[in-house]
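Residue numbers (this note's numbering), protein chains in the order written: chain A, 1 to 251; chain Z, 1001 to 1259.
Treat the hints with caution; some may be incorrect.
Simulated pairs of lysine to aspartate or glutamate, DMTMM-like, Cα-Cα distance not exceeding 20 Å [stated by the list, open to error]:
1) Lys1052/Z <-> Glu1125/Z
2) Lys1052/Z <-> Glu240/A
3) Lys1052/Z <-> Glu1064/Z
4) Lys1114/Z <-> Glu1125/Z
5) Lys1161/Z <-> Asp1203/Z
6) Lys1114/Z <-> Asp1163/Z
7) Lys144/A <-> Glu1188/Z
8) Lys1161/Z <-> Asp1119/Z
9) Lys1213/Z <-> Glu1169/Z
10) Lys1213/Z <-> Asp1175/Z
11) Lys1139/Z <-> Asp117/A
12) Lys144/A <-> Glu1169/Z
Just so you know, these hints were derived from the structure itself, not from any lab.
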Amino acid sequence: MNNKIHPQSAILGFLLFLIIWQLSSVIIDRPILPAPLQVLPMFLMDLPGELGLHLLASAGRVLAAIGLAVITAAPAGLLLGQMPKLDRVFSPLIAITYPIPKIVLLPVIYVLLGITDVSKILLIAMIIFFQILVVVRDEAANLKPELILSVRSLCAGRRALFRYVYLPASIPAVLTALRISIGTAIAVLFIAEQSLTTYGLGYYIVVETYQVLRYPEMFTGILAMGLLGVILYFTVAGIEFRVNRHLFLAS
Amino acid sequence: MIEVVDLTFAYSGHERLFEHFSLDVGQGESWAIIGPSGCGKSTLLYLLAGLKRPSQGRVLIAGETITRPRPRTGLILQDHGLLPWATVSQNARLGLAIRELYGPDGRHAPVDGKLEPKDADRQVETWLNWLGIAELKDKFPSQLSRGQRQRTAIARTLVLKPDLLLMDEPFSALDAPIRVELQTVMAEFHRQSQLTSVTVTHDIEEAVFMGRKVLVLRHGCNRGTEIVDNDLAGRSDERNRPAFYKRCNDLHKLLERRP
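Could you build all of it, start to finish, from the sequences and the hints given here?
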């Protein structure tokens, strides 16, 4: 995220998106791709009602998963980054498990934990967990020993090192990891929400609308899910920009 | 001020760097430690700073055995050790912030060193001014030249009012004119404050300019101490005179001699 996105260009992008959507729906001309002119008013009407509840349920799950992943992965990453011996033991394990698409564990988690919110949140948290773990670990490992030594020479104990070195060094890493994993997290949410739940956009899109051929309503759900992704992405990117101010300045 | 008593030190799996090594540094003296790389000069400084522990023997500073970094010892490293995400004034304030975090507990901060945040700000500003970097206070380290970064590191240390200043190759990474400029700044500071200081360097001229006494270390195991008394230290007026170069040359010969 080297450039801040200006409001004008955001509006321009959105308009372009609508135009392409409108054209596609005219060209394809089938019920599966309704026009934005039909979907958008419906979306705005439904948002304060049922659709809004589905959106809130989905957002809640993603946020809970993000929270869970951050509080477990960030400390673990710091620990591994600062203890090379420990890292040598775990890094082969991480290297093997990191590329496994966590979604394949869905049935296992469902059997072990039941088809509950907890299992859905856990699955998404696992995806974000590995991203954060790896990025924070590398960031912590890259902290120069001289930096730590010189802060220690100012009589910093563990608490001060954490407050003034490890925490500020890992926050940008956490944000970067979040930004790149949000897309996957929402994709997995979509799949996880399709089974045995009553609220959530995945459920709304597949069970309540798609399977009963309510295509325009289905598209309001798709739009809501897209919105969720966009909002999360730009929130994280915005915080990242602010936190990393020192990286974006010309010297 | 500094007493090294019967010190023995080795990195695990390596030859000893020091064996039964002793050293006395008096209050207000300025010392330079010189020697080839790998001779243990930085290690000795870290031992004085309490960042490393002797295998045997003791290091006493102001009469107390050192087992951990000591609040009143200031350390300046070659690599500045500045936080890249903090501004010049935040960096200069770091030591004070750490003291605030712990309170005057005698371990992380001097017992008598309680400081109001407003006074802390003023002190930081004073030192930034003295070092000529006050107008850079909102810049980040990446926006500074090496010399300005080193000045920031010096401000961070001096703002803590140390009673002992340890410097590890403080100016080695700088261009020659800036190096001389900062050496002069620190010599002037020493003249004004009479602060005890130890500078580790591999640069002979720097040793002659910074050290009233020059400790020469050698490759392999250091047992005895070889100390050159140097009355030319801090004398900017002598710097380009033959006597200065002769002293450098003498030191050079001493360093080349095989033990």
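Here's how the hints hold up against the structure:
Of the supplied pair hints, the one linking Lys1052/Z and Glu1125/Z is violated, its CA atoms being roughly 32 Å apart against a limit of 20 Å. Only pairs whose Cα atoms come within 20 Å are accepted, and Lys1052/Z paired with Glu240/A is rejected, the gap being roughly 37 Å. Taking the CA atoms of Lys1052/Z and Glu1064/Z, the gap is near 16 Å; set against the 20 Å cutoff, the hint holds. Simply put, Lys1114/Z and Glu1125/Z have alpha-carbon atoms about 18 Å apart, close enough for the 20 Å limit, and the pair holds.
With a CA separation close to 27 Å, the supplied pair Lys1161/Z and Asp1203/Z exceeds the 20 Å bound. With a C-alpha separation of about 16 Å, the suggested pair Lys1114/Z and Asp1163/Z falls inside the 20 Å cut-off, and the hint holds. Straight-line distance between C-alpha atoms of Lys144/A and Glu1188/Z comes to about 31 Å, which puts the hinted pair past the 20 Å bound. Restraint check for Lys1161/Z and Asp1119/Z: satisfied, since their Cα atoms lie roughly 13 Å apart, inside the 20 Å limit.
Simply put, Lys1213/Z and Glu1169/Z have alpha-carbon atoms about 16 Å apart, close enough for the 20 Å limit, and the pair holds. Our distance criterion of 20 Å between C-alpha atoms is broken by Lys1213/Z and Asp1175/Z, whose separation comes to about 25 Å. Proximity of Lys1139/Z to Asp117/A is assessed by CA-CA distance (about 47 Å); at most 20 Å being required, the pair is judged violated. Taken as a hint, the Lys144/A and Glu1169/Z pair is honoured in the structure, with Cα atoms around 17 Å apart against an allowance of 20 Å.
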